[in-house]
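Q: Single-letter residue listing:
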Amino acid sequence: MSATDQIGEVVLAARNIAKSYGNVHALKGVNFEVHRGQVTTLFGENGAGKSTLMKILSGVVQPTSGEIILDGKPVVFSSSSHARDSGISIIHQELSLAPNMNVRDNIFMGREIMTSTGVDFAEEERQTRALMAELEEDIDPLTLVEDLRLGQQQIVEIARALSVNSRILIMDEPTSALSATEVEVLFKVIRDLKSKGVSIVYISHHLEEALQITNHAVVLRDGNMTAYAERKDIDLEWIVRNMVGENFDLGTPPTGHAIGDVALSVENLCVPDAAGAGYNVVDNMSLSVRAGEVVCIYGLMGAGRTELLECVAGRLPASSGRVRLKGQEVSGLSIAERIDRGLVLVPEDRQRDGLVQTMSVGQNLSLASIGNFVRGLFTSRSAEQAIVDEAIRKVHIKTDGGAAAIGSLSGGNQQKVVIGKMLATNPEVILLDEPSRGIDIGAKSEVFKLLAERARSGLAVIYSTSEVGECLSIAHRIIVMRRGRISAEFTSDVTKEKIMAASGESVAH
Amino acid sequence: MSVTNAKTSQAAPAKRSFDLGHLLLEGRAFFALIVIIAVFSFLSPYYFTLNNFLIMASHVAIFGLLAIGMLLVILNGGIDLSVGSTLGLCGVVAGYLMKGVTLNYFGVILYPPVWAVVVLTCALGALIGAVNGVLIAYLRVPAFVATLGVLYCARGFALLMTNGLTFNNLSGRPELGNTGFDWLGFNRLFGVPIGVLVLATLAILCGIMLSKSAFGRWLYASGGNERAADLSGVPVKRVKITVYVLSGICAAIAGLVLSSQLTSAGPTAGTTYELTAIAAVVIGGAALTGGRGTIRGTMLGAFVIGFLSDGLVIIGVSSYWQTVFTGAVIVLAVLLNSIQYGGRRAKSA
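First to last, the protein sequences are chains U and C. Letter by letter, the first sequence follows residues 1 to 509 in UniProt numbering. Letter by letter, the second sequence follows residues 1 to 349 in UniProt numbering.
You may find that some hints are simply not true.
[What the hints assert, rightly or not] Derived DMTMM-like pairs (lysine to aspartate or glutamate); straight-line CA-CA distance at most 20 Å: (1) U/Lys326 - U/Glu348; (2) U/Lys194 - U/Glu9; (3) C/Lys237 - U/Glu9; (4) C/Lys237 - U/Asp340; (5) U/Lys194 - U/Asp283; (6) U/Lys326 - U/Asp340.
Worth flagging that the hints you see were computed from the coordinates, not collected in a lab.
Assemble the whole structure, with the sequences as input and the hints as a guide.
A: As structure tokens, this is what we get:
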């Protein structure tokens, strides 16, 4: 933490910034300031609007309303290169490197150093080497980015932002793929930059790590700024309290029904890394879930939650281990066969994996249960209508009817369509990968209420989340995953701090 | 509320506005066809006659058959460049079979009956389609490259089989019991050429399959979002192989109709027809990204292309200009597609 405690002058300010995507309000009027030569950290859960705010500040997206004030004057950034020319650059959460090009070309992409005869590769290479030396990373400038491991790619991304000599540097989760020593180096670089007068906006899920480096803390929740404080006035507890909120009622574990036999059991499951890096993203995991039970799987990004659920559902191949549904082995079966036997998955990314945008709400809802309304060779319109109407009613989808376009629904209702589609198959076990991602709090509690109701009638529910508040809702049991393994298992009376500690979230590298 | 019928959901926009621009955009292929007919009828007295329409329709039948198969592939988000060559190879094989298969080992010449020729030719088309499908679905070769390779191979085999020559006089001989091959291309039923009837039958069957069967739903879903369809239990690989097989069969039928119309089978028949088929599908409003398109639109697209080029011939425009016109129509169609789907996305986003 920096020794300078006085507040520097404000270089960049956001005034009433709001951003909507259709019916989804990602930001609802956010104010916040960036001070010269200091680090401002944004805290917030997934979907709180941090990344959207950063994209607006760096000119990647335009705000729906509100203004950005740079050095006391309102500015409109028409593009990210415009923002870069004004001295603002961003290190994106998702790596934005071209894997087919080498490190040098990636760092100078879009602003190549030109001479009269073409690109000055020698000079670019020299500067790249200097940057790598500063970051204490032994990466050759001519290595292809795809040959680097993820942490090294992140370093390249950081080097690219540094090479611009910006006055304001936005870092969106820069440490998520870095090792402990690399984080130390990064922090040293950040301190150097601060002493040179560079302002830094920092976003991280590693709360304690961020507390080491920050001067100011801003907390976002559901698109609103809920709290602001200087570092010296706050602690970890303050952040968690403001992030999660006081009145955050997502229900309680359903009671009053009999917990049945084991519905799903996973034994020693291993899922190899998709990139073929030779390690297991899910490492020898075993767990079992009973009918009528609700289990929450908590973990940070990269803990292996998604891979576990996708493997159980049949999307990813396992390298070893077995999955049993009501005692019957389902390991070798296809996704369709598992759905038939009652094992379904609601995927994490509903746009990419959940919805068919070219089809109507009704066609999406009935997609997984086509077999139930085929009469002979053809689909029966009335039988399908019955399934669609029932799904809309049971899952409480707010829509003009089954014929409405998927894009006309809000994020929460779109999510309900994906859940309704899988529930329409009358499953025994439902897996939900971050069912609350990117939906507002009202829709969240509705989704959880619905799942609790279904659990009462004997459905086994397993959902994953990266928001600790959601662990303490309807789940009877909370399983914490870390690096592909179960690091802890709790009952519903555990505290948020214990869960976070088990996931590695509040522990500094 | 329409749930099962893809045609009506396509035609019913989310916003129920009756403004003219929207109507013209939605039904553009239909209006284009009317404009083409009106303009050429005005320019030539021969254009607007029943006989001319039937002749033009039998030309359209060839492209139309290819376009049906192409629509299925494009709905799936793929492309099939091999249909022109498949048409050529299937025509040549049909010609070869009609000319008699010499079995040296038995010392006999086999003259298969026409129905057997038709079945064997369709099976060959299905086999070529299956090769495409397996390459694309299981071996993960991009559709463009896989079907481009098959385009060359099929054309090469057709040339090898005939040594570059053409099989002529395929009408068969009564004493061998294999007459009737020209029935497909020359005869008429109720005054309508058989080729056109074949096209109409296939189009109707295919339309019912798309709007009514589970397979149709699978096809629209896996074309719209393959990952979502996969996770919903749709057998996406099987769907993919099936569309290429069906496309191959359509090409084989087109090959039969064409060689029957000509009573000869040349190894270069159908060259560049795949592009015409793609054009028909695109003019019919289908999205090359998959998931959007109807058989009705594709048929209109095929007729737009066919009636336009025949009209240009009738009024005596040089064939070079025909090429230019066809190209312009295709670009215009894609432009309108992107306005329609782009506008829709902007509204719904």
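Q: Now tell me, hint by hint, if it's right for this structure.
A: Evaluated hints:
Taking the CA atoms of U/Lys326 and U/Glu348, the gap is near 25 Å; set against the 20 Å cutoff, the hint is violated. Proximity of U/Lys194 to U/Glu9 is assessed by CA-CA distance (about 13 Å); at most 20 Å being required, the pair is judged to hold. About 60 Å separates the Cα atoms of C/Lys237 and U/Glu9, which puts this hinted pair outside 20 Å; it is violated. Under the criterion of a C-alpha separation no larger than 20 Å, the hint pairing C/Lys237 with U/Asp340 is consistent with the structure, at around 18 Å.
Among the hinted pairs, U/Lys194 with U/Asp283 is inconsistent with the structure: their alpha-carbon atoms are about 40 Å apart, more than 20 Å. At roughly 13 Å between alpha-carbon atoms, U/Lys326 and U/Asp340 fall within 20 Å of each other, so this suggested pair holds.
Hint compliance for this structure: hints 1, 3, 5 are not met, and every other hint is.
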